[in-house]
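Under this note's numbering, the first residue of the sequence shown is numbered 66, with each subsequent residue one higher.
No wet-lab data here; the hints were simulated from the structure. Don't take each hint at face value.
Quick list of simulated restraints, FRET-style, between CB atoms [stated by the list, open to error]: (1) D478 / L572: 25 to 31 Å; (2) A359 / D478: 42 to 48 Å; (3) G494 / S552: 41 to 47 Å; (4) F310 / S365: 26 to 32 Å; (5) G307 / V143: 48 to 54 Å; (6) D577 / E311: 42 to 48 Å; (7) L553 / S512: 39 to 45 Å; (8) S518 / E290: 45 to 51 Å.
35 Å max Cα-Cα, derived DSBU-like pairs, lysine-lysine [what the hints assert, rightly or not]: (9) K521 / K504; (10) K504 / K397; (11) K493 / K521; (12) K493 / K513; (13) K397 / K513; (14) K287 / K339.
Positions of the beta carbon are idealized from the N, C-alpha and C atoms, including for glycine.
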Amino acid sequence: MSAKRYGKVLGALFVAGTVSIACGSVNEGRINIVDEDGGADGNGGTSGTGGKSNGGSSGKSPGIGGDVGEAGEGTVPVLPEPPVVVAISPDTGESEVEPTGTIRIEFSEGLDPATVTSDSIIIYSGETPVSGALDYSGVTAEFTPDERLDLLGEYDVVVTTSITDASGTAMEEDFSSSFTVRDGVWSEQVQVDGTAGELYGTLVSPVIDGAGNALIVWAEYKDAETFNSVFGRYFSPGVGFGEPFEIDEANVDCNQVSVATNAAGEAVVAWTEKHGTTDQVWVRRLSLGELGSAPVRIDSVAVTQVWQTTSAVSATGEAHVLWSYNDPGVTKQNLLANHVAPGGDWLTTPDVVYNYVETLSPPGVAFDEDGNGFVFFAFDSDGTDETPNQLYARRYLTASAQWGNGIAVEGSDGIDGYHAPSVVTDAKGGARAVFAAGKDVKAVTFSKGGGFSVAKVLDTLETSPQSLPQLSSNGRQFLASWYQSASLNTNAYSALSEGADFAAPELRSSGDFRVGYYGTAVSGMDRQGNALVLFEQGNATDTVDIVFSRLVGINGEWAEGSVVNSAAGEYQDPRIAVAPNGVAVAAWSLGIRLSANAIYVSTFE
66 MSAKRYGKVL GALFVAGTVS IACGSVNEGR INIVDEDGGA DGNGGTSGTG GKSNGGSSGK
126 SPGIGGDVGE AGEGTVPVLP EPPVVVAISP DTGESEVEPT GTIRIEFSEG LDPATVTSDS
186 IIIYSGETPV SGALDYSGVT AEFTPDERLD LLGEYDVVVT TSITDASGTA MEEDFSSSFT
246 VRDGVWSEQV QVDGTAGELY GTLVSPVIDG AGNALIVWAE YKDAETFNSV FGRYFSPGVG
306 FGEPFEIDEA NVDCNQVSVA TNAAGEAVVA WTEKHGTTDQ VWVRRLSLGE LGSAPVRIDS
366 VAVTQVWQTT SAVSATGEAH VLWSYNDPGV TKQNLLANHV APGGDWLTTP DVVYNYVETL
426 SPPGVAFDED GNGFVFFAFD SDGTDETPNQ LYARRYLTAS AQWGNGIAVE GSDGIDGYHA
486 PSVVTDAKGG ARAVFAAGKD VKAVTFSKGG GFSVAKVLDT LETSPQSLPQ LSSNGRQFLA
546 SWYQSASLNT NAYSALSEGA DFAAPELRSS GDFRVGYYGT AVSGMDRQGN ALVLFEQGNA
606 TDTVDIVFSR LVGINGEWAE GSVVNSAAGE YQDPRIAVAP NGVAVAAWSL GIRLSANAIY
666 VSTFE
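Put together the whole structure using the sequences plus the hints.
Laid out in structure tokens, this is it:
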């Protein structure tokens, strides 16, 4: 980052649209004043935004600054005029700023160190002050954010008239500058599993915390064994992937793996274990970067077949796992749930979410910032055409630690009964779900004041969706994506909602090559309103690529699709997790879905 120099007349240097300072605004930072001995006296506090810090560049830049002492002491200039900013890095208007750098402000003369505070030098993201460490030495202040800055994030630097020079003369007017962080770049693909050709397990979607640290889990045969074990690998931005590690501790076949985390990196992995003729449900708590406690069994009924597990971790740290099973000796299905509070124990007897129906889809689950949650699933009560599949929903309240009364969603008749609805929560304690029903992609909304809406049609095509629609959100915006046939090709589509309804669907794939071989179109959104949509797409060489389309939140425009994978292959089943800061981890497989020969990942940072 270069430093742009300024003269004393600053009015023309102000950037239109920068955020003005409100009374009492605080930058929640640490302030270090370098003394003559090179030591530092700290004052002020710090507050994080959740997750783990990725660090970033710290310390003073070479050749900048000097010792701070009495006026006229050492090499610090003393001027009769009020202090002004003469250089700033990043430059005003710079648009390719690294997300892990520091912000340096050079003044025309030495300052009174007591006035260099988190109230006088503030870095804003929108209207939110950025947390970080503020260092001052000589004529230079340097701010190091606690966490990496957001990809494509716009930031404002404000220096107020609270700054005075060593003789007590204040700046005559506030100084303001702004810059934009660069966009992410996809890494070379990496194979994460340990034994190519020996997987035979299910690829599980990666999960990511608030700082971009991620966990990917999968099942594969251990060396010289013919049953699956559960494995994982951690990822940290700027560091990469760690070594694979085993999550289960059993020498039995493990399947039906699911994983979840919250913004703080509190994770849970669930799976089934085959013991003789019965299935058991096991879980393990993890912190991203640490293996955590030993595996625990959380079911209480001996059954011959447990279906897909579903995991979730709320913002309050409560872990939830749901699963379905057939009643012994009959065909009826049941949906159970178990949960554990931080530091507590799993329920001895799991909760019954729904029971004794002909068919149940896997559940879609999401929790809001207060720990309240929603589960959506499709069910058929008797297997007859007279009672078609319907979408059913229940709400979990932290206050009671129980799943409340449920409701069949109006307008959901004919829902796909084999796949989980996709569910997200919003910033107001509400929720949305999308699902396929006949020839339509539909959406339903829950709000605290209005309850559940009637399911509405999202797509405009008169053909059946070719895959289950997926939904992502940053709490304010919602993005649905899916595959659907149109004339000669199956294409990838998405629809964005920034209010009550979704906009008309837009084509995300090229339209020239088929998409949707074995997976579905998936997406993720960050807090800046940027989004990534991933999908499978054929090419002129008769192989299949993993392709992404990028939504830029600043201008609301989509970029044309580009290939993620860095080597040719018959790829399929893309998955993605996007952190609030825009860092993303994508995963996909090589081979037949649910029996993959290899798992690959690429990171976007």
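Structure versus earlier hints, numbers of those that do not hold, lowest first: As far as the earlier hints go, not one is violated by this structure.
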